Amino acid sequence: MRYLVEHSGAVLALLVQQAWLTAAALVIASAIALPLGLLAARKAAIRGPLLALLDVLYTIPSLALFVLLIPLLGLGFTPALVALVVYAQIVLVRNVIVGLRGIDPAVLEAARGMGMTGAQRFRRVELPLAAPVILAGMRVAILVTIGTSTLAAFINAGGLGMLLFMGVSQGHTDEIVAGAVAVSALALTANVLMQRLEARIASAVRGD
Amino acid sequence: MAAIDIERVAKRFAGSVRPALDDCSLSVPAGELTVLLGPSGCGKTTLLRLVNRLLEPDSGRILVDGTDVHTLPAPILRRGIGYAIQQVGLFPHLSVGANIATVPLLLGWEKGRIDARVGELLELVGLAQACRRRYPRELSGGEQQRVGIARALAADPAILLMDEPFGAVDPLLRARLQDELLAIQRKLRKTIIFVTHDVDEALRLADRIALMRAGCIVQHDAPLSMLTAPRDEFVRSFLAADDVLRRLGVTSAAEAVVAQQRWESASLQAAIVPSAIDGAPVVRDSDSLRSALAALIESRAPALTVVDADGRRLGSVGFDDIRRAVRS
Ligand SMILES: Nc1ncnc2c1ncn2[C@@H]1O[C@H](COP(=O)(O)OP(=O)(O)OP(=O)(O)O)[C@@H](O)[C@H]1O
Ligand SMILES: [Mg+2]
Numbered sequence: 001m002r003y004l005v006e007h008s009g010a011v012l013a014l015l016v017q018q019a020w021l022t023a024a025a026l027v028i029a030s031a032i033a034l035p036l037g038l039l040a041a042r043k044a045a046i047r048g049p050l051l052a053l054l055d056v057l058y059t060i061p062s063l064a065l066f067v068l069l070i071p072l073l074g075l076g077f078t079p080a081l082v083a084l085v086v087y088a089q090i091v092l093v094r095n096v097i098v099g100l101r102g103i104d105p106a107v108l109e110a111a112r113g114m115g116m117t118g119a120q121r122f123r124r125v126e127l128p129l130a131a132p133v134i135l136a137g138m139r140v141a142i143l144v145t146i147g148t149s150t151l152a153a154f155i156n157a158g159g160l161g162m163l164l165f166m167g168v169s170q171g172h173t174d175e176i177v178a179g180a181v182a183v184s185a186l187a188l189t190a191n192v193l194m195q196r197l198e199a200r201i202a203s204a205v206r207g208d
Numbered sequence: 001m002a003a004i005d006i007e008r009v010a011k012r013f014a015g016s017v018r019p020a021l022d023d024c025s026l027s028v029p030a031g032e033l034t035v036l037l038g039p040s041g042c043g044k045t046t047l048l049r050l051v052n053r054l055l056e057p058d059s060g061r062i063l064v065d066g067t068d069v070h071t072l073p074a075p076i077l078r079r080g081i082g083y084a085i086q087q088v089g090l091f092p093h094l095s096v097g098a099n100i101a102t103v104p105l106l107l108g109w110e111k112g113r114i115d116a117r118v119g120e121l122l123e124l125v126g127l128a129q130a131c132r133r134r135y136p137r138e139l140s141g142g143e144q145q146r147v148g149i150a151r152a153l154a155a156d157p158a159i160l161l162m163d164e165p166f167g168a169v170d171p172l173l174r175a176r177l178q179d180e181l182l183a184i185q186r187k188l189r190k191t192i193i194f195v196t197h198d199v200d201e202a203l204r205l206a207d208r209i210a211l212m213r214a215g216c217i218v219q220h221d222a223p224l225s226m227l228t229a230p231r232d233e234f235v236r237s238f239l240a241a242d243d244v245l246r247r248l249g250v251t252s253a254a255e256a257v258v259a260q261q262r263w264e265s266a267s268l269q270a271a272i273v274p275s276a277i278d279g280a281p282v283v284r285d286s287d288s289l290r291s292a293l294a295a296l297i298e299s300r301a302p303a304l305t306v307v308d309a310d311g312r313r314l315g316s317v318g319f320d321d322i323r324r325a326v327r328s
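Chains as they are written, first to last, in this note's numbering: chain S, 1 to 208; chain B, 1 to 328.
Excised from the complex, chain B in its bound form:
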């Protein structure tokens, strides 16, 4: 597991007046997916490329697991950090299998181990084993992106850097790839820095969001906190924090149960909603309130039953509870 500590880095490109990064500090917890979010040109890519030393900072330092990245030769450092970019950059003259095998090959793995690993990765990113012998130009955009991610994960790096990996695919496919990334992350628990300028993508994927503006990090928080407690007007308006649907999307059904219980004890009233309703729709505690609300509207029932992973009933929530949960 690796945590990344970015300490007071600054970077100004030759020939530009304004620094691309101005005294940026960021602590990326191990095993979490941190999204770098912000408008175009705010320095997201620059900050990301400092981590694997594709760029060098003018000042400040970056630690991975407490070790200054500068103490390692750049190629060695980079072989331990997965890197996936929007344009993918697959090697057109190499098969999919050979593309995925790039870093293991650089690390000198033996052939049998590489072959087995390539097979595992194709499976992990949802590609058929037959893809191994195909060439990048024979793949769709989504398939290429999956190969890019498999290639970045090939040597099982603890850290993954992703620069708008889904930026060039259509919205439907993007949502699929996001789901797949979340599924992969639940399994692998990598330390991921994911760059995007798409707020919905950030809210969907992030354990934490670092919102940037003009070379500085403005706020670093969990998605829900960003929405409910934006530090300033820029954060509020960039995230469209007042957008109720957006809040519903990042609030879990469990929050509605909490809101209901809080309201009940505060008002010393029993719930208006009966405790168990036959035929009420059932949602998981981890589902978003957005999907819970949709289920409620579709079923025409007065309330939903919220259950945990084992199917135990946590409570029943009605429309008012959902409203209270996002109005905190």
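With the rest of the complex left out, here is chain S:
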């Protein structure tokens, strides 16, 4: 704990670095997962292979994924970002698919029968009704990404993982504790914020 206080500036800088990497990864990952999940929810021919691919991805340890990307993208921020984006798809795409396909078919039939266009159905019916499941997926993806991005220090992408790796290699327990506490704080904060957002959206969707 003393380390945390004495080096608060440095720890904060690493935390900001990791938060930035995490946020960037999640924004990009969501921008990919939403259309991809939508497409897969509509087309069974895409859904099967895509879910199988995500399952395979899930079995690759995140550290291994970082290492696998070194020959392609080298070291640093960019390969870390790519790995995190890919990794987040596992949860995000699956929840987009589950959320959309969980909608009562009668509701969609009614929407179509009343003359909503595809875009209107998506915006006014599908998205709000799938939102709770999609958001739950995002919350999990955020936690996974924060955890995984800690490992990104291994390929020189910075972040709180630096403290952990340095601590381990140099035998400094102080640094390890400081790193762990800071990562946990980041994850807990993100979790609480997302839970609040989920509750807000859920009640808006239920119409309370």
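In case anyone wonders, no lab produced these hints; they're calculated from the structure.
Predicted model only: the values in this text are computed from it and were never measured.
All C-beta atoms in this analysis are idealised placements derived from N, C-alpha and C, irrespective of residue type, glycine included.
Hints are not guaranteed to be accurate.
[What the hints assert, rightly or not] Covered stretches of chain B, going by a simulated chain S footprint (3 or more residues, C-beta under 8 Å):
# : region
1 : 65-79
2 : 88-99
[Said to hold, decoys possible] Among chain S residues calculated to face chain B with C-beta under 7 Å, some are:
# : residue
3 : E109
4 : A110
5 : P128
Use these hints to put chain B with the ligands onto chain S, whose structure you have.
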């Protein structure tokens, strides 16, 4: 007013050998309620969904007021056709008011007009104005069904397509909803296609029935004609046309007066029944003979007085006249 002309449509679903619809033609007169009746899987839903282009036919065409439905973009076409289904499909995240306002909103009506219209519709389907702010999950099954019908009628479409709208509610409530639909139809005179596999429901609601079997329309007629002149054995047995109670249900008291007069002139006899009887039960000419018979039995009187809408006496009919009316 809109008439629907279905001309020689065929539809086969990918992967099935037998066509769901095989060269079907049907003319639905404007302002009438036509029931599509038939056993499960005979193609009723398929035929209905062709009208608002939720399905496309393999061949043939469908005209609404003489216009091929294909010449309109599907969403535009559908906004002009009310659609109500058994599962209702209310939007769970929207209030009852917002659900009803769906099509007017799509059509870009202004807010004041939509609000007023939602109020009218709640009244029309017999729901309290306070329902407007409630959510579908807070409503009973019957109330949800009423909201579904209000939503289908919201933009005042000339055509209403209904796919077993009362199929999931208990018999008592179903009878109530049927009465309400008839009352609404008397007021609005929409062109309605109503799908059911319930014969009694069909006889009760229909101006005309189109009876289907295995993708074809077997007979298209008024309910009474279906019962008295079934085209073949399938029609006779599906409608249980020989069932006397069923016939009584679709025959009006006026028919008994006609039967009596026909018999009198044929036999050159005066009616055995005195022309006016004090204390005889009175029924309307439009009442069914089923209720007339019940009244006759309960009163123990030898005859009933039949009156028209203005209370004018049309005649007195006894048990024999009722029997003759359904034995034609
Ligand atoms: N989307 C579909 N894909 C394949 N076959 C279908 C599809 N929809 C309907 N069918 C088949 O087409 C035939 C007619 O079905 P349809 O739903 O029109 O019957 P229905 O008269 O409405 O029956 P029910 O009273 O049970 O609702 C059936 O054999 C059915 O299995
Ligand atoms: Mg059906």
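Are three or more residues of the region 88-99 of chain B within 8 Å, CB to CB, of chain S?
Per the Cβ count (8), the hint holds.
Is the interface hint satisfied for S:E109? The criterion is a beta-carbon contact with chain B at less than 7 Å.
holds (6 Å)
For the restraint on S:P128, tell me whether the closest CB of chain B is nearer than 7 Å.
S:P128 check passes; min Cβ-Cβ to chain B is 5 Å, inside 7 Å.
Would the hint on S:A110 be counted as holding, given a Cβ-Cβ threshold of 7 Å to chain B?
holds (3 Å)
Cut-off 8 Å, C-beta pairs, minimum 3 residues; does the coverage of the region 65-79 of chain B by chain S stand?
Result for this restraint: holds, n = 6.
Checked against the numbered hints above, the structure breaks none of them.
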